[in-house]
Amino acid sequence: MTRGSARTGPALRARSGRPPWPLVLPALAGVAFLVLPLLGLVVRAPWHDMGRRVTEPEVLAALWLSLSTATVATALCLVLGVPLAWLLARTDFPGRRIVRALVTVPLVIPPVVGGVALLLVLGRNGLLGRYLDAWFGITVPFTSAAVVLAQVFVAMPFLVISVEGALRGADRRYEEAAATLGAGRVTVFTRVTLPMVLPGIGAGAILCWARALGEFGATITFAGNFPGTTQTMPLAVYMAMQRDPEAAIVLSLVLLLVSLAVLATLREKWVNAA
Amino acid sequence: MRDTPLRLVAALAAAALALTACADRDTGPGPAGPDAGGPAGELTVFAAASLTDVFESLAEEFEADNPGTEVVFNFAGSSELAAQIGSGAPADVFAAANTDTMAQVAEGEGLDREWADEHGDGAVFATNTLQIAVPADNPAGIEGLDDLARDGVSAAFCAPEVPCGAATATALDAAGLDVTPVTYEEDVRAVLTKVELGEVDAGLVYRTDVIAAGEAVTGIAFPEADAAVNDYPIALLADAPAPDLAAAWIDLVLSETGAAALADAGFGTP
Numbered sequence: 001m002t003r004g005s006a007r008t009g010p011a012l013r014a015r016s017g018r019p020p021w022p023l024v025l026p027a028l029a030g031v032a033f034l035v036l037p038l039l040g041l042v043v044r045a046p047w048h049d050m051g052r053r054v055t056e057p058e059v060l061a062a063l064w065l066s067l068s069t070a071t072v073a074t075a076l077c078l079v080l081g082v083p084l085a086w087l088l089a090r091t092d093f094p095g096r097r098i099v100r101a102l103v104t105v106p107l108v109i110p111p112v113v114g115g116v117a118l119l120l121v122l123g124r125n126g127l128l129g130r131y132l133d134a135w136f137g138i139t140v141p142f143t144s145a146a147v148v149l150a151q152v153f154v155a156m157p158f159l160v161i162s163v164e165g166a167l168r169g170a171d172r173r174y175e176e177a178a179a180t181l182g183a184g185r186v187t188v189f190t191r192v193t194l195p196m197v198l199p200g201i202g203a204g205a206i207l208c209w210a211r212a213l214g215e216f217g218a219t220i221t222f223a224g225n226f227p228g229t230t231q232t233m234p235l236a237v238y239m240a241m242q243r244d245p246e247a248a249i250v251l252s253l254v255l256l257l258v259s260l261a262v263l264a265t266l267r268e269k270w271v272n273a274a
Numbered sequence: 001m002r003d004t005p006l007r008l009v010a011a012l013a014a015a016a017l018a019l020t021a022c023a024d025r026d027t028g029p030g031p032a033g034p035d036a037g038g039p040a041g042e043l044t045v046f047a048a049a050s051l052t053d054v055f056e057s058l059a060e061e062f063e064a065d066n067p068g069t070e071v072v073f074n075f076a077g078s079s080e081l082a083a084q085i086g087s088g089a090p091a092d093v094f095a096a097a098n099t100d101t102m103a104q105v106a107e108g109e110g111l112d113r114e115w116a117d118e119h120g121d122g123a124v125f126a127t128n129t130l131q132i133a134v135p136a137d138n139p140a141g142i143e144g145l146d147d148l149a150r151d152g153v154s155a156a157f158c159a160p161e162v163p164c165g166a167a168t169a170t171a172l173d174a175a176g177l178d179v180t181p182v183t184y185e186e187d188v189r190a191v192l193t194k195v196e197l198g199e200v201d202a203g204l205v206y207r208t209d210v211i212a213a214g215e216a217v218t219g220i221a222f223p224e225a226d227a228a229v230n231d232y233p234i235a236l237l238a239d240a241p242a243p244d245l246a247a248a249w250i251d252l253v254l255s256e257t258g259a260a261a262l263a264d265a266g267f268g269t270p
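If you're matching them up, the sequences are chains A and B in order.
Okay, so the first sequence: first residue is 1 according to full-length UniProt numbering, each after it adds one.
Okay, so the second sequence: first residue is 1 according to full-length UniProt numbering, each after it adds one.
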């Protein structure tokens, strides 16, 4: 927090004046590059029968599945990812660097590779999956649970990195003060550390949710594609694109608007609350 | 510190993007530039993914017969290739897995007009039929199409949006069966993979896919497949950079040599 306030402090702001054009031009080009394709969606959308297309049961089912699985996946990521981030930021165990590198691997591998890996481990004939099947009669692929797992796999690194960064940036003197006043380690974590890094957790959770919502490759590989059970919005868009591009545009727009709305609301709440 | 994690993630995401972008460039079909030196040129063939093995072996023959030529392939789902051709991808020949897709390209003025006047909207050079693919050990004891409708049998089908999915629907209709699979896969190879891994008890794929998969899967023919035979048309494309080579390639595919290679791979004759 000290770093941030120094950078945007009044002294610096006064000195900066008008932004230099060598920075502004590429920045504008960057914005254009990111926004123009989205504009393309809006321009090409079949607005005349938008209402009918958006309320088709298949669309609503895919949208509901996307929103619910992404939310469950984010909750799971919070439960698993926050403790993981704490371990990475606050403890020193052998192999910590390797663990940290491994945790970020899903960020760089193609999601479809993640899907293949999940299938080989949790599939009906997978390393663990065969026992789940034999002992409990549980098969994971082709279920909504598989969608959630695929999303957790690709989205958790976003949360872990955000929270770890927040923990490293937090002022540890408060935790030390609490400890010297007699608070136990768990109390320090829940009463001091957590509230301090809450904005970081919120920002991480938003990123995580957005990534889960957009998940495609791992989902189609591991969870399959069945309307109502595993066909999320990105899958529905891909399938629609094969036969009816206009339907794909409509689905894309819906997904875009819903995610923008949720992200804008949540960012307001979490990121600006800091 | 407020935006530190966001910035970190952004940087990582940018790095990831850069990585995948490079990867895409390496594996992409590559631009079919005009003859970059050398006596003969480059022939660009867009072909349905199911033709991969046959066309690659035919390409060796073609390059041997026409020294200095190089055949460059873009293998993908027929609908996707048709879309690429529609958006102006520079290609000489298109071989599709069904006539509907070729008709789409013809409608979009994508075929060479002179060639099409003589040969119509694509010359059919092969046919393909569906088979039931089961894992090598056939865990569900599948023997025919109606076994797929049994309780507890999990099946993978192609999505209705892609040609093999349309064929699947036709075959099931012909059999008067109503089967709900556990998944509608994006293409026939994805169905095959789910069968190979034993994740489903059965899948409907093309006969040629069963042969290509080797011992990992067993194919079971069923009579209703005759109702859903796919015709494979080939055509010379408009504005082909190398029309002479393209015509020679089409001749090879339609020749006895081509027919023999296709038959080896499990394709039927039109």
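Take these hints with a grain of salt, some might be off.
Claimed, not checked - Distance windows between CB atoms, simulated:
#: 1; chain 1: B; residue 1: E56; chain 2: A; residue 2: L23; range: 48 to 56 Å
#: 2; chain 1: A; residue 1: G95; chain 2: B; residue 2: P223; range: 54 to 62 Å
#: 3; chain 1: A; residue 1: V79; chain 2: B; residue 2: V72; range: 30 to 38 Å
To be verified - Chain B regions said to be covered by chain A (calculated; three or more residues, Cβ under 8 Å):
#: 4; stretch: 148–159
#: 5; stretch: 185–196
To be verified - A short, non-exhaustive set of chain B residues, derived as facing chain A with CB atoms under 7 Å:
#: 6; residue: S79
#: 7; residue: V182
#: 8; residue: E199
Quick caveat, the hints were computed from the structure, so don't treat them as lab data.
Every residue gets a Cβ at the ideal spot worked out from N, C-alpha and C, and that includes glycine.
Structure-based check of each hint:
For the pair E56 (chain B) and L23 (chain A), the supplied restraint of 48 to 56 Å holds, since their beta-carbon distance comes to about 50 Å. A C-beta distance of roughly 60 Å is found between G95 (chain A) and P223 (chain B), which places it inside the suggested range of 54 to 62 Å. Between V79 (chain A) and V72 (chain B), the C-beta spacing of about 50 Å breaks the proposed range 30 to 38 Å. Check result for the stretch 148–159 of chain B against chain A: holds, 3 residues qualifying (beta carbon to beta carbon below 8 Å, three or more required).
Under the rule that three or more residues need a Cβ within less than 8 Å of chain A, the assignment of the stretch 185–196 of chain B holds, with 4 such residues. With 7 Å as the threshold, the beta carbon of S79 (chain B) comes within range of chain A, its nearest partner Cβ sitting at about 5 Å, so the hint holds. About 4 Å separates the beta-carbon of V182 (chain B) from the nearest beta-carbon of chain A, less than 7 Å, and the hint is met. Nearest Cβ of chain A to the Cβ of E199 (chain B): about 5 Å, under the 7 Å cut. The hint holds.
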